[in-house]
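Each chain, letter by letter, is given below.
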Amino acid sequence: MAEAETHERNKPRRNQGLGRILVMVYAVFALSSFARSIFQIATHFEQAPLAYLLSAFAAAVYIVATLSLARSGRTAWYVSVVAVGIELVGVVGVGLWTLLDPQLFADDTVWSRFGAGYGYIPLILPILGLAWLLAHRPRVGVESRP
Amino acid sequence: MTEVATDGWFWVGTALCAASLLICVVMTFLRTFPDDLSILSVAAVELFLIVYGVGAIVRQAGGEPLQGELWEFWGYVLTALVVSLVAVVWAVTDKTRWSNLVMAAVGPTIFVMLYRLQVIWFG
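Line by line, the protein sequences give chains H and S.
The numbering of the first sequence is this note's numbering, which starts it at 1 and goes up by one.
The numbering of the second sequence is this note's numbering, which starts it at 1001 and goes up by one.
So here's chain H without its partners, still in its complex pose:
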């Protein structure tokens, strides 16, 4: 029992070890989707307003997820779960939508066709993210460490 507790304490926290890679990939997506959506909105917003607004929303979700995944603490964990959850709903929802009604979005977004334009990483990422978060739940009294 004591051994198990020691193991628990020595277990890397969720923004360390493997968690660092998750944050890195999220950061890349946050950066690229943000830059792309700024470019789209600034240069040809009127061509596909709905798609570009969705791109901007997706970028915002990635930015929030990156920041909250990188932080320690209970609040950050809950923010992460919500952000990654929205992302999963977004990529599945928009994926289905683009499949059933391809005319709706005049241009591709990061979530179109389940993220096919980005090697389906947008679909895999939230699943990995949620799995990682659920495997590293905040424990009372543990996450309050500085």
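Worth flagging that the hints you see were computed from the coordinates, not collected in a lab.
FRET-style restraints, in silico, Cβ to Cβ:
1. S:G1063 to H:H44: 24 to 32 Å
2. S:L1081 to H:R13: 26 to 34 Å
3. S:I1057 to H:Q103: 36 to 44 Å
4. H:R137 to S:A1043: 34 to 42 Å
5. S:T1032 to H:L104: 47 to 55 Å
6. S:A1018 to H:A42: 31 to 39 Å
Residues from chain S that keep clear of chain H, each with C-beta distances beyond 10 Å, as calculated:
7. E1003
8. G1008
9. W1011
10. A1015
11. L1022
12. V1026
13. F1029
14. L1030
15. D1036
16. L1037
17. I1039
18. L1047
19. V1054
20. G1055
21. G1063
22. V1119
Residues from chain H shown here face chain S by an in silico Cβ test under 7 Å; the list is partial:
23. Q16
24. L18
25. V28
A quick note: this is a predicted structure, and the numbers were derived from the prediction, not measured.
Heads up, the beta-carbon is just placed ideally off N, CA and C, and yes, glycines get one too.
Please arrange chain S on chain H, whose structure you already have, making use of the hints.
Chain S in isolation, oriented as in the chain H frame:
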């Protein structure tokens, strides 16, 4: 993917990105800390990007036409330069086996950006 014109810059960059990815993945297995080779391989990619950027300034100043938007091109170059730096900082601040895998993300990311740069350059 549609056919895109490629040049020597692209292939040199691709080779460096692939080498960096390979080295970082191998080091993930061999080392329990961020290995010098991983850092050096990312540094090589970063160095290439600097040379690529300087080369692009010279080529564009010399009148080579750009099919896409000028500021989109330079947005990609600057972002690529930042990505490698951020990855190394983020990797070495947590000294584990996985630091190498964090740096392994640089190669594929920069490769995609180089591809996008080719599209912007050649249309």
